[in-house]
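Undergrad: Chain by chain, the residues run as shown.
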Amino acid sequence: MMVIKLATKEQIELTVNGQFYEVVVKTTESLLDVLRNQLGLTGAKKGCNVGECGACTVIIDGMAVRSCLVLAVTANGKSITTIEGLAEGGDLHPLQEAFLQYGATQCGFCTPGFILSAKALLDENPSPSDEEIKRAIEGNLCRCTGYTSIIEAIRAVAGSSKKK
Amino acid sequence: MKEYSVIGRPIPQVDSVSKITGRVKYVNDFVIPGMLHGKILGSPYAHARIMRIDTTKAEQLPGVRAVVTARDFPMVKFGIPGLEDELAFATDKVRRYGEAVAAVAAIDEATAEEALDLIDVEYKELPVVLDVEEAMKPEAPKVHEHAKNNIGFEVHHHIGNVEQAFKESDYIREDRFETPMALGASLGPRCSIADYDPISNQMTLYTDDVRPHLQLLGLARILGISEKKLRVIRPIVAGSFGNKGLIYEVCLPAAFLSMKCGQPVRIERTREEEFVHTRSVQPVVTYFKTGVKKDGTLVAMECRHLGNSGAYLAMGPRAVLINVGVFDVLFRCPNVKFDGYVIYTNTIPCGALRGISNRALNFGQQCHLDMLARDLGMDVVDFFLKNARQKGDITSARWKLDSCGIKECIQEATKASGWKEKRGRLPATRGIGFAAAGHCAGSRYGSDLSTALVEVDDLGSVRVISGRADAGQGSGTMITMCVAEELGLDVEDITINEITDTWFVPWEPGNYASRGTIQQGNAALSAARDVKHQLFKVVAKKLGTTPNQLEAGNKHIFIKGSPDKNVSFLSAVKEYRDSGKQMPLVGRGYYDPPTEDLDRNTGEGNFSIAYGFSIQIAEVEVDIETGKVTVLKVIAAHDCGKVINPLILNGQSEGSISMAIGTALFEEISYSEEGKVLQTSYADYRLPSVWQETESDTIWVESIDPHGPYGAKGITEVIAIPATAAIANAVYDAIGVRIKKTPLLPWKILHGLKEKNRV
Chain A
1 MMVIKLATKE
11 QIELTVNGQF
21 YEVVVKTTES
31 LLDVLRNQLG
41 LTGAKKGCNV
51 GECGACTVII
61 DGMAVRSCLV
71 LAVTANGKSI
81 TTIEGLAEGG
91 DLHPLQEAFL
101 QYGATQCGFC
111 TPGFILSAKA
121 LLDENPSPSD
131 EEIKRAIEGN
141 LCRCTGYTSI
151 IEAIRAVAGS
161 SKKK
Chain B
1001 MKEYSVIGRP
1011 IPQVDSVSKI
1021 TGRVKYVNDF
1031 VIPGMLHGKI
1041 LGSPYAHARI
1051 MRIDTTKAEQ
1061 LPGVRAVVTA
1071 RDFPMVKFGI
1081 PGLEDELAFA
1091 TDKVRRYGEA
1101 VAAVAAIDEA
1111 TAEEALDLID
1121 VEYKELPVVL
1131 DVEEAMKPEA
1141 PKVHEHAKNN
1151 IGFEVHHHIG
1161 NVEQAFKESD
1171 YIREDRFETP
1181 MALGASLGPR
1191 CSIADYDPIS
1201 NQMTLYTDDV
1211 RPHLQLLGLA
1221 RILGISEKKL
1231 RVIRPIVAGS
1241 FGNKGLIYEV
1251 CLPAAFLSMK
1261 CGQPVRIERT
1271 REEEFVHTRS
1281 VQPVVTYFKT
1291 GVKKDGTLVA
1301 MECRHLGNSG
1311 AYLAMGPRAV
1321 LINVGVFDVL
1331 FRCPNVKFDG
1341 YVIYTNTIPC
1351 GALRGISNRA
1361 LNFGQQCHLD
1371 MLARDLGMDV
1381 VDFFLKNARQ
1391 KGDITSARWK
1401 LDSCGIKECI
1411 QEATKASGWK
1421 EKRGRLPATR
1431 GIGFAAAGHC
1441 AGSRYGSDLS
1451 TALVEVDDLG
1461 SVRVISGRAD
1471 AGQGSGTMIT
1481 MCVAEELGLD
1491 VEDITINEIT
1501 DTWFVPWEPG
1511 NYASRGTIQQ
1521 GNAALSAARD
1531 VKHQLFKVVA
1541 KKLGTTPNQL
1551 EAGNKHIFIK
1561 GSPDKNVSFL
1571 SAVKEYRDSG
1581 KQMPLVGRGY
1591 YDPPTEDLDR
1601 NTGEGNFSIA
1611 YGFSIQIAEV
1621 EVDIETGKVT
1631 VLKVIAAHDC
1641 GKVINPLILN
1651 GQSEGSISMA
1661 IGTALFEEIS
1671 YSEEGKVLQT
1681 SYADYRLPSV
1691 WQETESDTIW
1701 VESIDPHGPY
1711 GAKGITEVIA
1721 IPATAAIANA
1731 VYDAIGVRIK
1741 KTPLLPWKIL
1751 HGLKEKNRV
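Quick note, the sequences are listed as chains A and B, same order.
Here this note's numbering is used: the first residue of the first sequence is 1, the next is one more, and so on.
Here this note's numbering is used: the first residue of the second sequence is 1001, the next is one more, and so on.
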């Protein structure tokens, strides 16, 4: 009987937060696990591992994606932004600053995911409506804040003067 | 009103920067070199005898380092003292779906999971009972042999004579309500790493529990390890809401596995496991009977409270004991009868969720009284004002209300919501509803002691050491602000330990029962005053005065009334050193309030030094085609004693209202006939998403509690309770449909409308 053995490991190249990495990954491994376990970037969180909570959100080629649903091998050659890549030098990104000032982070577990979803939105659409803001973060769950302060923080950075 | 420099400022939480940069490390992020990965084998049946367990094949799987069952270690029963009924691993019987039967540690999670499949367990299924009233019938399956009619615990609190009072009532109303289990469902799943060194017999446990010092005591007993050899390390917690308090289900298997193989073992629950295994507020059935005079004066209040404690008592007894006092914390009533039963079923054991079983009692009581007021033709607000408790009241459970802002909260909320204008005048399908809640801000269980240290180094940097848990609610920031105010410094001059390590951090039972603000705040203030006292002694000498003539403010220490006669805080620290004191400058503090334990038979006792209150009014719109309820707005007035940090408090209020909306409209844990949990993902268990973000206005009433730091008292539970009933009352106001079991799902609304139109 012939036994077909599938390749279980592959070497891939990732650029994360502007830094180049060569990593050997299992073909079944998610990008989330590679980021956390191999690259030590623990800002992306494992909240559900099935793409329902958004805590694992990262940005790939400008798009906010659930890294738990991305097979690491399919990210080969891609440019990825995680929360660790947002602050430039000693300065916080405006979204981070806004989350701080509006009290939009409480336990903090969902925070990186929200900030990256918001960044992906604002990089493409600098003046979104409230509807567009909500659509951009509808895949991110938060249990602590009730979302009000999060929306206010994003709106403040978007420069919208529209009050509820 | 006194002016404060720090208290009252809306500053971000002191650990926020690490959260927005992704630098903060939860226990889920910890890596201990050489750590193995563990998985727990749960029973596939809700009720069964274990006939045989064979772990041989699992042990032989390459990559497996340890397999543990009840056979490997002495199984010590744990639970309520005198009523211990639970084991780390099942021995002869499993009593709920998913009960731990074995555990595996392997080089990675995939191998551990594969090994679970290789553990051969033979079960003999037993009949299952899930419903609390079914379980009380004589013919019901017995969950525990010792519990007649599956009643594991009961409490009876009888004041006055309700039978006589009912005879004298002008009107009596009776209702039955039911609430299922709802979860905190915080984004961070439970995780523990146990690291046992067999040479020194030392166990180090990395945990996400909000009560590490108490966890240590419990674990020492269960594991058979001396308390001196146990060390619990707990970083920032990824949300708890009561679900992560003194629960052993993840750390016990990890600890036993580590003891078996002498290597660190990490267990992190998957999201599916979180839904199956989280212990939270128990399902409760409540029967209310209330008698009033025709002007609405309360004459008799009766409640029969059936708590579904699941397979083990766990927190069930504590929950019902607290509800004795909750029952009449809001109202003056001369005759009160509360009978609480904690009943075993083949479901998940009882835990806590923000308000513990007050959540369940409140839903029923606030809906019941809304209906009672309507029957009398009274505005429910007037009914509440007529009967509301006031400052100075002592309730029938002996709860002392040394501060009480119920009436002020009612007035503020009704004014802000336009209650009088809207009540009965909203368009069809729109409604407005009212509810109130009261809860403890402390909890005596033997003691309610918190301790703290404040250290000052030679550079004048101040460090607070406190075992408080930060799970998002901001206790560390509250403590930092209090210490800053006391020492006359800025928040930036103070740091507080992020990690609680039981080796270095003095005794702290943890964050539960909203005890943080008063107990932990006061302990930190006590330590800060100790530092101040030591500094004042040397400064008084330098300035030629006595310590009681000094004051701290603006980073200086100065003579009262003569602020130009001062030394800077830093100079004072230097002065302390130069005066021959080489000892580290450390302030020690503690606070243990003069409260009582709850009586085990009656539930009576002033077990908290203060009580917080929340009044909420909800406006809803009901779509009568789809049954969907939209909450348009919630107005909340909370009595928090004193606002220490409005940014944090407002965030708490918004999050609490969101959680209560979830409880009202979407959330429940339910079971199949065989006792399997039906909600196993965020797709099934519908937390509010951003589309359910609801407009809210929060008013803070400052009743200035005499015991709390700067008058403040803890409120993170009480503010999360009443919106659920307010929404249900608003739905009734809108469409005349009364739903007596949460959540108010669309099919229940449509069913109710159909029934109503039939009548």
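Misleading hints may appear alongside valid ones.
[What the hints assert, rightly or not] With a straight-line cut-off of 30 Å between C-alpha atoms, the simulated DSBU-like cross-links for lysine-lysine are: (1) B/Lys1077 - B/Lys1289; (2) A/Lys26 - B/Lys1748; (3) B/Lys1756 - B/Lys1633; (4) B/Lys1754 - B/Lys1289; (5) B/Lys1025 - A/Lys78; (6) B/Lys1229 - A/Lys134; (7) B/Lys1142 - B/Lys1756; (8) B/Lys1077 - B/Lys1415; (9) A/Lys134 - B/Lys1748; (10) B/Lys1057 - A/Lys9.
[To be verified] Examples of chain A residues lying across from chain B (beta carbon under 10 Å, computed): (11) Phe20; (12) Gly40; (13) Gly43; (14) Asn49; (15) Gly77; (16) Ser79; (17) Cys110; (18) Leu121; (19) Asn125; (20) Pro126; (21) Ala156; (22) Gly159.
What the hints contain is simulated information worked out from the structure, not anything from laboratory work.
Positions of the beta carbon are idealized from the N, C-alpha and C atoms, including for glycine.
Undergrad: Work down the list of hints and note, for each, if the structure agrees.
TA: Results for each hint:
1. A distance of roughly 39 Å separates the Cα atoms of B/Lys1077 and B/Lys1289; the hinted pair therefore is violated under the 30 Å criterion.
2. Our distance criterion of 30 Å between C-alpha atoms is broken by A/Lys26 and B/Lys1748, whose separation comes to about 48 Å.
3. For the proposed pair B/Lys1756 and B/Lys1633, the alpha carbon gap of about 26 Å is at most 30 Å, so the pair holds.
4. This hinted pair checks out: B/Lys1754 and B/Lys1289 have alpha carbons roughly 28 Å apart, not beyond 30 Å.
5. Between B/Lys1025 and A/Lys78, the direct Cα distance comes to roughly 27 Å. Compliance with the 30 Å bound is thereby established for this hinted pair.
6. For a cut-off of 30 Å, the pair hint linking B/Lys1229 to A/Lys134 is broken: about 51 Å separates their Cα positions.
7. This hinted pair does not check out: B/Lys1142 and B/Lys1756 have alpha carbons roughly 40 Å apart, beyond 30 Å.
8. Proximity of B/Lys1077 to B/Lys1415 is assessed by CA-CA distance (about 54 Å); at most 30 Å being required, the pair is judged violated.
9. Between A/Lys134 and B/Lys1748 the alpha-carbon distance is near 29 Å, which keeps this suggested pair within the 30 Å criterion.
10. Only pairs whose Cα atoms come within 30 Å are accepted, and B/Lys1057 paired with A/Lys9 is accepted, the gap being roughly 27 Å.
11. Below 10 Å, beta-carbon pairs count as interface contacts, and A/Phe20 has none with chain B, the closest being about 20 Å; its hint is therefore violated.
12. With 10 Å as the threshold, the beta carbon of A/Gly40 comes within range of chain B, its nearest partner Cβ sitting at about 9 Å, so the hint holds.
13. Taking 10 Å as the C-beta cut-off, the interface hint given for A/Gly43 holds, the closest approach to chain B being about 3 Å.
14. For A/Asn49, the suggested interface contact is upheld, since its CB lies about 6 Å from the closest CB of chain B, less than 10 Å.
15. Interface restraint check for A/Gly77: the shortest CB-CB distance to chain B comes to about 24 Å, outside 10 Å, so the restraint is violated.
16. Contact between A/Ser79 and chain B, as hinted, is not supported at the beta carbon level, the nearest pair being about 18 Å apart and thus beyond 10 Å.
17. Proximity of A/Cys110 to chain B holds as hinted, the smallest CB-CB distance being about 5 Å (cut-off 10 Å).
18. Among the interface hints, the one on A/Leu121 is violated; its C-beta lies about 12 Å from the nearest C-beta in chain B, farther than the 10 Å criterion.
19. With a least beta-carbon distance of about 17 Å to chain B, the hint placing A/Asn125 at the interface is violated under the 10 Å criterion.
20. Below 10 Å, beta-carbon pairs count as interface contacts, and A/Pro126 has none with chain B, the closest being about 20 Å; its hint is therefore violated.
21. For A/Ala156, the suggested interface contact is broken, since its CB lies about 14 Å from the closest CB of chain B, more than 10 Å.
22. For A/Gly159, the interface hint is violated, since its Cβ never comes within 10 Å of a Cβ in chain B; the closest pair sits about 20 Å apart.
The structure fails to meet hints 1, 2, 6, 7, 8, 11, 15, 16, 18, 19, 20, 21 and 22 from the earlier list, while all remaining hints are met.
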